[in-house]
Structures are given as structure tokens and as C-alpha cells.
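> Residue numbers (the working numbering), protein chains in the order written: chain A, 1301 to 1671; chain B, 5 to 226.
Treat the hints with care, as some may be off.
Each computed DSSO-like pair below joins lysine-lysine, with the alpha-carbon atoms no more than 30 Å apart [what the hints assert, rightly or not]:
no.	chain 1	residue 1	chain 2	residue 2
1	B	K206	A	K1661
2	A	K1539	A	K1661
3	A	K1661	B	K119
4	A	K1661	B	K120
5	A	K1523	B	K119
6	A	K1567	B	K112
7	A	K1333	A	K1539
8	A	K1661	A	K1621
9	A	K1530	A	K1661
10	A	K1539	A	K1523
Note that these hints are calculated values from the structure, not bench results.
No experiment lies behind these values; they were computed from the predicted model shown.
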Amino acid sequence: MAKKSDDHDEMKQCSGTAGFWEERGVSRRDFLKFCTAMSAALALPVSLAPKIAEALESDSRPSVIWLEFQSCTGDTEALLRAANPTVGEIVLDVLSVDYAETIMAAAGYQAEEAKHKTMKERGGKYIAIVEGSIPTGANGAYCCIGGKSALEIAREVCGGAMATITVGTCASYGGIPAAAPNPTGAMGVKDAVPGATVINLPGCPVNTDNLVATVVHLLTFGKLPAVDGKGRPQFAYGKRIHDNCERRPHFDAGQYVEAWGDQAHRKGHCLYKMGCKGPETFHNCPSQRYNEKTAWPVSAGHGCAGCSEPYFWDSMTPLYKRLPNVPGFGIETTADTIGLGLAAATAAAFGVHGVVSAFRKGDESEGAKEE
Amino acid sequence: MADHKACLYEKYVWEVPVRVTHWVNMLSIVVLAVTGIIIGSPRTLGLSGSDYVMGWVRFVHFTAAYAFAVSVAARIWWMFRGNRYARWREFFPVISSGGRARLWETFKYYTFLNKKAPHEVGHNAVAASAYSLVFLLYIVMALTGFSLYAEHRPGSLMHVVMTPLYTLFSNQGMRLTHHMVMWLLIGFVINHIYSIWLMDIKERGGVVSSIFSGYKAVQRKE
């Protein structure tokens, strides 16, 4: 079986440096499967899979500098647990990661030196990947690495990169550190370094498949994939979660979970009334999923939190209610309670006005006069 | 009093587009509010996964939304084509000194400060000003509504046209606005029905029947 696949003519044509992957313990079959999966993730025709294979086998592997600022390292964690391909393949074979605090062996001056060497030797050709938001308050004192503020590092590294990929919502839009009242003045890379070429991969954490696909697109076509109005690649953020959700039929049918653990919840009905933000969030979670494509929040019975939208911590809360709280009213007062109160007050006021008017004597009208 | 009545005649005030858009607006607002409340907090009405209850409710909401948008657009167009009672100037009495005086007199009548009911061929000044605000709310509803609707297909013409709205509002903020303006319009409907009842009694110009027939009882010019 495996032999048959290896003999595939079209695929074989482009295996310029045959054995490159085999040497590293990745069978040709798995490698081509990966290339085909990538073409699917990027919504490209499968006929482009050989071109992806060719790009991945070429010797010019781009250098990567992975910067980490105000973050929880969740995106690094997501990458380290990547299933397809394994992290070893990405880090050692596809990309040449020259600087990444969490995984690099070097430390201190050695690490800084590796970073500067890459920036100097491969200026304009390396990829910067940024995780975490950039604090701009107090002259950037909230996050300093090697004596430099995050803002200075970002300006230097992202400014000189071929492209900057922001992984996670914090690096893309400020995320949780930027939530009100945003004490550190945190912001995303595009806001902090407006001149940089940035593509946003928000999500909490980033979906590694989307990161790998973006890198593969960059390697294959030499440019970043097409983006939407919020700087996110359309192949991953072009559709609303609600419109691809496996529970959507229950939404259309009119079957809703009313309380956690109720009959409808156990049957997997729609989480709309539990505050699911799928209808306002653009991401490919329902199709790409997490954890070796086994699960994502809604499949596990929890509504979407809207984590891949800008300022989600401020705008998507309360997470378990459909609508935001109305400013100036108590947190238990919903928009509908206020509206109903408004309607009742209007009716009462005009009712009183009507009673007064009905009993009032001596109102007069001349009738309308033509002018 | 008797001589006033002797001079009354039936004047054609509300032209056909005014009356048609009025009733299309009224019907679509009722349908939109009822379906909108269901969409905002639905009950479990589907008995099986192959039902399509919410699907139909949303379909009716979207269809009524198109009818409403066309009606509002047609009425705004008629503000530049219709007779003087339909024109845009009628809805902004505040721009002329005469209009401001009428506004003040009518306001005093509504607040029981004088007993002379307004006497207008078209809209009274307070009502007309309220309608200009109501039309503003209509536009807010149509824009936020179609922006939310267009999100099912990013990159489509409607989505591109609505781009400024997505910058102006967060997605949840847009939903909240769409929701709250509905309640403001419900408040307006209560106010509107009360006011026509009051004016029909006090003004005796036949204002209620005029929106069906187009005619009001008006004194002949002497």
C-alpha cells in the first residue's frame, strides 16, 4: 500500500531532495498526507499539494524568531502539542527556529546573540512569530527582556521581518491583558508596530493547524494568505462558527439547552440560550477543531466564548448570556427587562395623561385651517 | 363653533404613498418585533431535530425586514416628491421660527399648560418632530439589522457595504443596539396610539380615519 503511494508519479516529480524527510523519521507517505491536508486547510485545490511538497523540501528554510511578551505561553503549549505534523517536524525540519525562549537550549547572552545574528544575516527574510500582548504603559516597563522593553523588541524584530505572524488573541488584538481597565496599556502587534507586515491568528489558544497552514502558504507562494477586515486569514476566519456548527440543525429546529445538564444539554442541543458566541465569532473551530482534531468547546458542551474576536473579554461578556449588560444598570438586569420596564412606564404615563385629558373640561380646537 | 363646522370640507392630505408606507411600516414592525423577541430569547419549540421552527421565524423576520427597508426608503424618497404634508420640511418644524412657535404651543397643550389643542392640516409640530426621530431609529434598525444579517456571508456585497458599521460597533454592541431600539420603538407605538386617540377627540379633524382615507376635515379659507 505504502509503496503504491510512493510511486505516485505526480508527487514523485517534485521530490527534489528525496530522503530529506525520511532521514528525519517522517515517511514519504505521511509527508504527502500532510501536504494534502495543508492544501485542504488552506482551501486550495488538491492539485497544488505537489507545489506545497516542493516548497517544504527546498533548502531555503526560513528562520523564525518567536517572541513572547504578555502571555500565558498557551500558544507555545498548543504548538508543542501539535499533532500534524509533530512539533519536531515543524521546529527542526520546516522552520529554522533560531530564537524561542520556551524551547531553545541557549539562555541569556547566547540567546540574544542568536536573535541578533538572525536579524543581521537574514534581515527582511525571517519570519517573526509573536505571542502575547505588548504593554505600552510606563514606557513599556511592564515587560522587559534582556534590558529592552517589549515595544522596542517588537519594533526591532517585527519591523525587520519578512512577515510577522501573531499567534493568539493577545498578540493580535491585546487580548486579556488589554481587557478593561487595561492597566499596562497592552495592545496587539499591528497597533504597537503599525509599519510591520502582520497577519493575525487570534484564538485562545491559536489553532496550530492554522499557524502551520499560514507558514506553508508563505513558503509555497512567498506571500501571506488573503485576510479579512481584522487582518485574519480568510481560509481560517472567513466563516462564522455558528454557520459551520455541528449543533446548527438544533438551532434551526428550535431546540435549546435551557440549563446546564438538562435533557437538551445531554442530547447535544443548541447552546444559543446559554450565551454561546458562535453567532458573532469568525473562526474555523467547528471544522479544524483542537487536540488532534478531536474536540472544540461546543462539541464538549460549552458555548463559544468568542475568543478570536478583538476585545472579546470586554465585548463578549457575560459569557453565559446572549446580550451584554446595559451600562448603568445592575448586572442582573437584562436589556429585555429594561425594555419591558420602558414600555410599561410609557403606557402608564400615557394612561395617566389620558385620564387627565378625558376629565379636563374646556379644551378647545378651532379645527385645522387651510392656509 | 357652529360656523366653524359650516365651513368644514374634506381635504385630501395623505397621499397614497404616505398611507401605504404607513401601513407597511406598521405591519412589518409588528412582525419584526414579535419574531425578533423570539429570535432574541427563543423557547424550545422544535420537537425533533428535523424541525425548522427557528429557521422559519428567522425567514419571516428577514422577509419583513426587506419589506420594512423598502417601505422606509420609499417614504424617504416621497419626502422629496410628495405634497407639503409629506415633505421633509414638515418633519423639522424646529428649523423655522413659525415652526418653533407651533412646537412650543403644542408642547404646552400636551403638558396641560394651555387648553388650546393644536390645529394642523398635516402633522402637529411635536408629532412631526417625534417622527423625524422615529425615522432615525428606523435607519439605525435597518443598518444594524442588515449588518448582522450580512455576517452569514463575509465578503458579499452587503457585508462590504456595511463595513463602517462593523468598525463602529462591536458585534455584541450591535446586537444590543438592535435590541434596545426595538424597545424604544415599542414605546413609540404606545405613545403614537395614545396620541392619535387624544387628538382625534380633542382636535376633531378625523385624524384616525384620515390614515385610511387620506382626507381630513379642514376649514375653508375665507
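> Could you run down the list of hints and mark each one as holding or not?
Hint check:
1. The suggested pairing of K206/B with K1661/A holds, with an alpha-carbon distance near 11 Å, which does not exceed 30 Å.
2. At most 30 Å may separate the alpha-carbon atoms for a hinted pair to count; K1539/A and K1661/A exceed this at roughly 64 Å.
3. At roughly 9 Å between alpha-carbon atoms, K1661/A and K119/B fall within 30 Å of each other, so this suggested pair holds.
4. Proximity of K1661/A to K120/B is assessed by CA-CA distance (about 11 Å); at most 30 Å being required, the pair is judged to hold.
5. For the hint pairing K1523/A with K119/B, the CA-to-CA distance comes to about 76 Å; that exceeds 30 Å, so the pair is violated.
6. Taken as a hint, the K1567/A and K112/B pair is broken in the structure, with Cα atoms around 61 Å apart against an allowance of 30 Å.
7. A hinted pair counts as satisfied when its Cα atoms are at most 30 Å apart, and K1333/A with K1539/A qualifies at roughly 25 Å.
8. Restraint check: the Cα-Cα separation between K1661/A and K1621/A comes to about 51 Å, which exceeds 30 Å; the hinted pair is violated.
9. Our distance criterion of 30 Å between C-alpha atoms is broken by K1530/A and K1661/A, whose separation comes to about 64 Å.
10. Distance check on the hinted pair: K1539/A and K1523/A sit about 22 Å apart at the alpha-carbon level, within 30 Å; holds.
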